Amino acid sequence: DAGVTQSPTHLIKTRGQHVTLRCSPISGHKSVSWYQQVLGQGPQFIFQYYEKEERGRGNFPDRFSARQFPNYSSELNVNALLLGDSALYLCASSQGFMAFFGQGTRLTVV
Amino acid sequence: SQQGEEDPQALSIQEGENATMNCSYKTSINNLQWYRQNSGRGLVHLILIRSNEREKHSGRLRVTLDTSKKSSSLLITASRAADTASYFCATDYQGAQKLVFGQGTRLTINP
Numbered sequence: 034d035a036g037v038t039q040s041p042t043h044l045i046k047t048r049g050q051h052v053t054l055r056c057s058p059i060s061g062h063k064s065v066s067w068y069q070q071v072l073g074q075g076p077q078f079i080f081q082y083y084e085k086e087e088r089g090r091g092n093f094p095d096r097f098s099a100r101q102f103p104n105y106s107s108e109l110n111v112n113a114l115l116l117g118d119s120a121l122y123l124c125a126s127s128q129g130f131m132a133f134f135g136q137g138t139r140l141t142v143v
Numbered sequence: 047s048q049q050g051e052e053d054p055q056a057l058s059i060q061e062g063e064n065a066t067m068n069c070s071y072k073t074s075i076n077n078l079q080w081y082r083q084n085s086g087r088g089l090v091h092l093i094l095i096r097s098n099e100r101e102k103h104s105g106r107l108r109v110t111l112d113t114s115k116k117s118s119s120l121l122i123t124a125s126r127a128a129d130t131a132s133y134f135c136a137t138d139y140q141g142a143q144k145l146v147f148g149q150g151t152r153l154t155i156n157p
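So the protein lines, in turn, are chains A and B. For the first sequence, this note's numbering gives the first residue as 34, with consecutive numbering after it. For the second sequence, this note's numbering gives the first residue as 47, with consecutive numbering after it.
In short, the hints are calculated from the structure, not lab data. Remember, predicted model here, so these are calculated numbers, not experimental data. Hints may contain errors.
What the hints assert, rightly or not - Short, incomplete list of chain B residues facing chain A, as computed with Cβ under 8 Å: (1) Thr73; (2) Asn77; (3) Gly86; (4) Leu94; (5) Ile95; (6) Ala128; (7) Ala131; (8) Phe134; (9) Phe147; (10) Gln149.
Think of the CB as a built atom: it goes at the ideal place given N, C-alpha and C, for glycine as much as any other residue.
Here chain B stands alone, though its shape is the one from the complex (with noise of 0.2 Å):
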């Protein structure tokens, strides 16, 4: 089964606006990852935060974790028609080497 949940399983906005996506895990974990896909092809790393980290920034993303609530959420600040994607968590908690991901936020851009 899989570990980590993510809300919403489907995001629809119009391109400019952002877009914040939740999950939700279930065990401690040294680090949660999240990976972009397109069109059902390889992951693309987006960000990693470890569990002593509370808040992490990238370009457009902004990654924040709360360890107390077993949660995590990815914002996208002004989002582009390229972002079109689903995106997935995944913890880590025996290395990275086994990664745990949850179902996935199938997110739609606009034009």
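Pulled out of the complex, with its shape left as it was, chain A reads as follows (with noise of 0.2 Å):
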């Protein structure tokens, strides 16, 4: 069976840009959550979504929004990348206790 699975691996992006993450989730997991962890650091939670509803925020800025699909796949937007956006963004699907992350996004601003 596959496992969570996030694209694209790399990013490059500009500060002001937008970026969107992808991420599916282990199949029938219905939750979804976002991380997000910087350098030496321990990952941070941004959201969580289960059923397509926001069950979950962290304390993150406006600019981060997400959504999950029908599918049970989620986005993560960014808007008006700053600098230190730059960080690996994890994707974690879960059913019961336990949550099984993705490979993640490194995404880098310049």
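Make one complex out of these two single chains by using the hints.
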């Protein structure tokens, strides 16, 4: 079975641009969460979606938004990119208590 | 801010030795999980321990949980070079959908 898949794996954007990151959960998982991991730190929670509805939001500005589609895949959007948005963005799908992570998207803002 | 703190921040040992990492957290939890991350890529789930459990084993891994001290430890026995990675604890107090991670322990296994 395929695990959590994320695309793209790497991305370079310029300050002020917009970016869309994509995530496909494990088959049968209805919950998707997004995390930001800055170099040298642990992941920080951004959003959680379940059955297409937002169920949780972390301490991130409104430039960050997300949505979940009927097939449970998800997109994370970030507007007006800042240098500080450079990070590894991780998607996790869960069923029950355990969360399973994808390989992440490495975003570099220049 | 992050709830958990791992200790030590970095650990370097010889292959075959045991590695112990500790995690402390601040609030009451439902579960505590340990993850491994290789070279800044995705997180691999290692083990979950529930708040009403005190010890759990999985292969060469042993996890303990002391809710009175709000702490957990991860022991890797008979370490191998492939165990070189960063290890994170993550606490769950609002369901699995929101995990709060510590800053991690960077483990290096020397051949």
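Do the hints match the structure? See the list:
no. : hint   : verdict
1   : Thr73  : violated (14 Å)
2   : Asn77  : holds (5 Å)
3   : Gly86  : holds (6 Å)
4   : Leu94  : holds (6 Å)
5   : Ile95  : violated (10 Å)
6   : Ala128 : violated (18 Å)
7   : Ala131 : violated (14 Å)
8   : Phe134 : holds (5 Å)
9   : Phe147 : holds (3 Å)
10  : Gln149 : holds (5 Å)
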